[in-house]
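Protein chains in written order, with our numbering: chain A, 1 to 388; chain B, 389 to 720; chain C, 721 to 1050.
It should be emphasised that the hints constitute simulated quantities derived from the structure, not laboratory data. Mixed in with the good hints, there may be bad ones.
Chain C is nowhere near these chain B residues, computed Cβ spacing over 12 Å in every case [claimed, not checked]:
#1 394
#2 424
#3 442
#4 520
#5 523
#6 646
#7 698
#8 700
#9 702
#10 703
DEER-style ranges, computed between Cβ atoms [said to hold, decoys possible]:
#11 597/B to 243/A: 24 to 32 Å
#12 597/B to 848/C: 49 to 57 Å
#13 291/A to 639/B: 38 to 46 Å
#14 491/B to 1041/C: 32 to 40 Å
#15 137/A to 498/B: 52 to 60 Å
#16 639/B to 195/A: 31 to 39 Å
#17 916/C to 417/B: 44 to 52 Å
#18 979/C to 31/A: 23 to 31 Å
#19 659/B to 999/C: 40 to 48 Å
#20 31/A to 1009/C: 20 to 28 Å
#21 415/B to 43/A: 50 to 58 Å
#22 981/C to 491/B: 54 to 62 Å
#23 151/A to 491/B: 20 to 28 Å
#24 1041/C to 620/B: 27 to 35 Å
In this text, a Cβ means the ideal position worked out from N, Cα and C, and glycines have one as well.
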Amino acid sequence: MGEFVMPSLGADMDAGTLTEWLKHPGDAIKRGDVIAVVETQKGAIEIEAFEEGVLDRPLVELGTKVPVGTPLAFIRTAGAPAPSPVPSEIKLPETPATKPVAPPIAVSVAPPAIGRRVSPAARKIAAEHGLSLEGLKGTGPGGAIISTDLPQAARAAEPRAAKKPGIDLGEMRKAIAAAMARSKREIPHYYLSHPIDLTTAQQWLADINAGREPPERILLAALLSKAVALALHAFPEMNGFYQDGAFRPSRPIHLGTAIAIRGGGLVAPAIRDADTLTLDGLMAALRDLVARTRAGRLRSSELFDPTITVSSLGERGVERLYGVIYPPQVAIIGFGTPAPLPRVVDGKVEPRLMMTATLAADHRVSDGHRGALFLLEIERRLQQPDTL
Amino acid sequence: MNEIAPARIKTTYREAVRAAIRDALTADPKAFLMGEDVGHYGGCYAVSKGLLAEFGPERIRDTPLSESAFVGAGIGAALNGMRPIVEVMTVNFSLLALDQILNNAATLLHMSGGQFNVPLVIRMATGAGRQLAAQHSHSLEGWYAHIPGLKVLAPATIEDARGMLLGALKDPNPVLIFEHVMLYNMEGEIAADAGAVETGKAAIRRPGRDVTLITYGGSLAKAMAAAETLAKERIEAEVIDLRTLRPLDTATIIGSVARTRRAVVVDEGWKTGSLAAEVTATIMEQAFWELDAPVARVCSAEVPIPYPRHLEQAALPQPESIAAAARATLGR
Amino acid sequence: MTDPAIKPHLTREHVAELLRQMVRIRRFEEKCVELYQREKIRGFLHVYIGEEAIAVGIMQALAPADTVIATYREHGHAIARGVPMTTLMAEMYGKQEGCSRGRGGSMHVFDAKTRFYGGNAIVGGGLPLAVGTALADAMQKRPSVTACFFGEGAAAEGEFHESMNLAALWKLPVLFVCENNLYAMGTALALSESETDIHHKAESYRMPAEVVDGMDVVAVEAAARKAVVAIRAGAGPHFVECRTYRFRGHSMFDSELYRDKAEVERWKPHGPIERFGAWLRQNDILHEAAFQAIETEVAAEVEAAVAFAEAGTWEPVADLTKHVTLEPES
Chain A
1 MGEFVMPSLG
11 ADMDAGTLTE
21 WLKHPGDAIK
31 RGDVIAVVET
41 QKGAIEIEAF
51 EEGVLDRPLV
61 ELGTKVPVGT
71 PLAFIRTAGA
81 PAPSPVPSEI
91 KLPETPATKP
101 VAPPIAVSVA
111 PPAIGRRVSP
121 AARKIAAEHG
131 LSLEGLKGTG
141 PGGAIISTDL
151 PQAARAAEPR
161 AAKKPGIDLG
171 EMRKAIAAAM
181 ARSKREIPHY
191 YLSHPIDLTT
201 AQQWLADINA
211 GREPPERILL
221 AALLSKAVAL
231 ALHAFPEMNG
241 FYQDGAFRPS
251 RPIHLGTAIA
261 IRGGGLVAPA
271 IRDADTLTLD
281 GLMAALRDLV
291 ARTRAGRLRS
301 SELFDPTITV
311 SSLGERGVER
321 LYGVIYPPQV
331 AIIGFGTPAP
341 LPRVVDGKVE
351 PRLMMTATLA
361 ADHRVSDGHR
371 GALFLLEIER
381 RLQQPDTL
Chain B
389 MNEIAPARIK
399 TTYREAVRAA
409 IRDALTADPK
419 AFLMGEDVGH
429 YGGCYAVSKG
439 LLAEFGPERI
449 RDTPLSESAF
459 VGAGIGAALN
469 GMRPIVEVMT
479 VNFSLLALDQ
489 ILNNAATLLH
499 MSGGQFNVPL
509 VIRMATGAGR
519 QLAAQHSHSL
529 EGWYAHIPGL
539 KVLAPATIED
549 ARGMLLGALK
559 DPNPVLIFEH
569 VMLYNMEGEI
579 AADAGAVETG
589 KAAIRRPGRD
599 VTLITYGGSL
609 AKAMAAAETL
619 AKERIEAEVI
629 DLRTLRPLDT
639 ATIIGSVART
649 RRAVVVDEGW
659 KTGSLAAEVT
669 ATIMEQAFWE
679 LDAPVARVCS
689 AEVPIPYPRH
699 LEQAALPQPE
709 SIAAAARATL
719 GR
Chain C
721 MTDPAIKPHL
731 TREHVAELLR
741 QMVRIRRFEE
751 KCVELYQREK
761 IRGFLHVYIG
771 EEAIAVGIMQ
781 ALAPADTVIA
791 TYREHGHAIA
801 RGVPMTTLMA
811 EMYGKQEGCS
821 RGRGGSMHVF
831 DAKTRFYGGN
841 AIVGGGLPLA
851 VGTALADAMQ
861 KRPSVTACFF
871 GEGAAAEGEF
881 HESMNLAALW
891 KLPVLFVCEN
901 NLYAMGTALA
911 LSESETDIHH
921 KAESYRMPAE
931 VVDGMDVVAV
941 EAAARKAVVA
951 IRAGAGPHFV
961 ECRTYRFRGH
971 SMFDSELYRD
981 KAEVERWKPH
991 GPIERFGAWL
1001 RQNDILHEAA
1011 FQAIETEVAA
1021 EVEAAVAFAE
1031 AGTWEPVADL
1041 TKHVTLEPES
């Protein structure tokens, strides 16, 4: 007794519909006889028998669509008894043993166990919040610290303050390294420098500060910052971010102010809306930033808000500095240490308080001509300190 | 409630493509289908069966086995006012027409300074799973996605099989449509009035928050099966069907990965230099700081597709290997 | 001219051998059809039933050092060339005992021992290879010939024309054998060729070309012997167009919408085995017992091949990426 099954006629045939019997129960069948017609996606195909015998009762009704391998009828071999009425179990087509095959190329995302792994997301969140990663247990691949290993508060959508402030100098150095390396890799810097006469501004400050206690005094740094902030009104291409292949100017002017940290390291938190602050307000903001930086109490937003950065060397520095742009910003202003120098004024050589201002700017966004005008505008504003 | 449920019809992927061709030829007298055995034979995968009788040999054109000539002729006809749909039997055969596709179809608009566009649709079967061995089973759509000037589509669902061709015919550029051989028999229901669908956007086929599985075409069902397995382990996988391989919808990819922080890219092409590599690099460029694990890839093994079933299946992405890669991104 | 190399010697042994070889192919292919429907063989299966005279006739003219390149309908060529039926059947199954270690399957039969270079599933893909193997023989001053089989559908491919020109231009030792079975898959000759006499295409490349009845094994052998002698003598490539017919669909999955059944039935009595057998009987060259002996022997050989394939083993999955590149020799 053999079974006549729905044959597999093609690699892309999964099932067929029995549409016609060309042989009937009791008919003698020999090998090669066409005994039925099957409708497939390619049309009707006659199917043949590979056994000799007598066609027994059909097992599938005409018009029924059945999977390949389903018995359609029995073929009784000569002399064999008629089959029992119990339909035989449907045999699944035999295929090579392909039980869950192990993937040939192991997918390995777990890093080798060397050093401590911190995911990029966890690093970013920790840096934003000034979080230390010390003592955290990693639950990511290979024990890596991942975002969900950080305290819940740090992962809130709009974090305002880290719960436990404190700056991890090692992490900070890594962050600086990453940012500066990216900057030098991606940003085509151009550099300009220009000497600025601060004699007038210095005199004006001295007059203002004459009646003030030290904590209320306005420092040159505030004057410089305000001059930059106001100058930016006319140079929007210096203020904003270069992201995803395009420059996005920023309407607010948030002045990143480079502050060195004792023990090494550098941060440049923002003085927000610096152009709208009075000189006193700006000075207060500056003092607050420096104090909180030294105390390790910066807010993450202050680190990511700046739309441009100003770096002043102050009293104890060198003549000029060439800044490295903090991506995705597009410009950084450097102010060297002011020093008295001989200068020709109205045809006569005079000692003047001179300071070299530099601009490093992103050539993808602006050109040297505009950069030069920007430096001249800062100079112009510093010559009229009472308007600042 | 008196909402009227839209009428649904039962159909197959194969019939959906056929219905789309029928719509296209009915709507636009300039549209026609040509390719090897599309007429009298009814199509190697029976997609065009019956269309010769409906539209006649002028519009359902059997071509000789001359891939370079008839694909090139499709380009020429498109340049000169017709709207050809060219069927290439399998992606392996399309290599005989690669010169025409790359050096003409993809390039003419640019070379002519914007004067000559090529509004051509080329359909072809791709992928493995039918034991057709090393000259009929490869997934080379990633190669085509490398070429500026082309649009590359990979319908993975019956709706897309029904609608992408119509969308492609509205595009003034050469559009390649890759139909995975394992999908033709897929059955399902679609709206009776289903029509053109938007191309150019990826689709989130299953939302999830723990890991993003990014795939297309014949691997979508495998990724969905993997997501189902993962759900039982309380891992919620999001499944993205790229749908359009060029240009890639990076916004959907990046948006999802930024939420889940983990990605597994599933691609039936070989891993080296694959479309999966492109997706992975895009994630590195645009979402690196959002990641909690290295991006994983599940691709075909670096071997021409072998004939025996057990080796063929071992060479291809499988639900188990996809689920394993997803677990690994979660450190499990 | 009585060069024995040129004319077939129709001894009783030789005609019995021609018949035996054709029957071997026919019965092997019939078994493949059965095994395919039982899902032992997978992928695409294209059988040679009806076309046996061509492979058998051509192979009579070849020497062991010659090279054979065929198509995806190549089981017949492999059998006639001497690839053992056992390893051939194991290849159909995908077992590692197969002649291509199971990696190729039906469309990709390869066998180094018999210089059988496939088994090519891209229409026309074998022709440039044949030009190359012949070039290597010519450059190494070997007297060998490459026999390259292809269907008439390949004549529409650019690779056909490029190969014709190159082989003729460089006078390379290639025997091009066009198996014209009138249908390129489902596309009739007249719908795919502006010139339906394929051998005229070869003539346009100044290549000696001949058309023979591909259902007549003796005629094919005679044409092959004549061409191969000329090729070995340095006359450059030759072309033989064999007119034939395939009795079954293009592949297993073919409802043959493109031709009617009556046409197939009309051809069947003209099949190469049917015709040659009738001729041998009419002229009393072979006795009925000899026919029976061949059938019995071949049936046993086919059964042994199936048993060999059934007993074969699956290549371990761990070996998946083997045979992709070779290590360079140090």
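Results for each hint:
1. Listed as a non-interface residue, residue 394/B keeps its Cβ farther than 12 Å from every Cβ of chain C; the least gap is roughly 35 Å.
2. For residue 424/B, the non-interface assignment is contradicted: its Cβ lies about 7 Å from the closest Cβ of chain C, within the 12 Å cut-off.
3. Separation of residue 442/B from chain C is adequate, the least Cβ-Cβ distance of about 14 Å exceeding the 12 Å criterion.
4. Its beta-carbon lying about 5 Å from the closest one in chain C, residue 520/B breaks the requirement of being farther than 12 Å from that chain.
5. Not every CB of chain C lies more than 12 Å from the CB of residue 523/B, the least distance being 4 Å, so the non-interface label is violated.
6. Here residue 646/B stays apart from chain C, with its beta-carbon at least about 35 Å from theirs, past the 12 Å limit.
7. For residue 698/B, the condition that its CB be more than 12 Å from all CB atoms of chain C is violated, with the nearest at approximately 6 Å.
8. The claim that residue 700/B lies off the interface is violated: its Cβ sits roughly 9 Å from the closest Cβ of chain C, which falls inside the 12 Å cut-off.
9. A cut-off of 12 Å between C-beta atoms contradicts the statement that residue 702/B is not in contact with chain C; the least separation is 5 Å.
10. The non-interface label for residue 703/B is inconsistent with chain C: the shortest C-beta to C-beta separation is roughly 6 Å, within 12 Å.
11. In this structure, residue 597/B and residue 243/A meet the distance hint of 24 to 32 Å, their C-beta atoms being roughly 26 Å apart.
12. Checking the proposed 49 to 57 Å range against residue 597/B and residue 848/C shows it holds: the Cβ atoms sit about 54 Å from each other.
13. A hinted range of 38 to 46 Å for the beta carbons of residue 291/A and residue 639/B is consistent with their spacing of about 42 Å.
14. Residue 491/B and residue 1041/C have their C-beta atoms about 33 Å apart, which keeps the hinted 32 to 40 Å range intact.
15. The hinted range of 52 to 60 Å is satisfied by residue 137/A and residue 498/B, whose Cβ atoms lie roughly 55 Å apart.
16. For the pair residue 639/B and residue 195/A, the beta carbons lie near 48 Å from each other, so the given range of 31 to 39 Å is not met.
17. A hinted range of 44 to 52 Å for the beta carbons of residue 916/C and residue 417/B is inconsistent with their spacing of about 32 Å.
18. Range check, residue 979/C to residue 31/A: Cβ separation about 25 Å, and the 23 to 31 Å hint holds.
19. Here the CB-CB span from residue 659/B to residue 999/C is close to 59 Å, at odds with the stated 40 to 48 Å.
20. A hinted range of 20 to 28 Å for the beta carbons of residue 31/A and residue 1009/C is consistent with their spacing of about 23 Å.
21. For residue 415/B paired with residue 43/A, a C-beta distance near 27 Å fails the hint of 50 to 58 Å.
22. At about 45 Å, the CB distance of residue 981/C to residue 491/B disagrees with the hint of 54 to 62 Å.
23. One distance hint, 20 to 28 Å for the beta-carbon pair residue 151/A and residue 491/B, is violated here, with the actual separation near 58 Å.
24. Separation of residue 1041/C from residue 620/B is about 32 Å and conforms to the stated range, judged on CB atoms against 27 to 35 Å.
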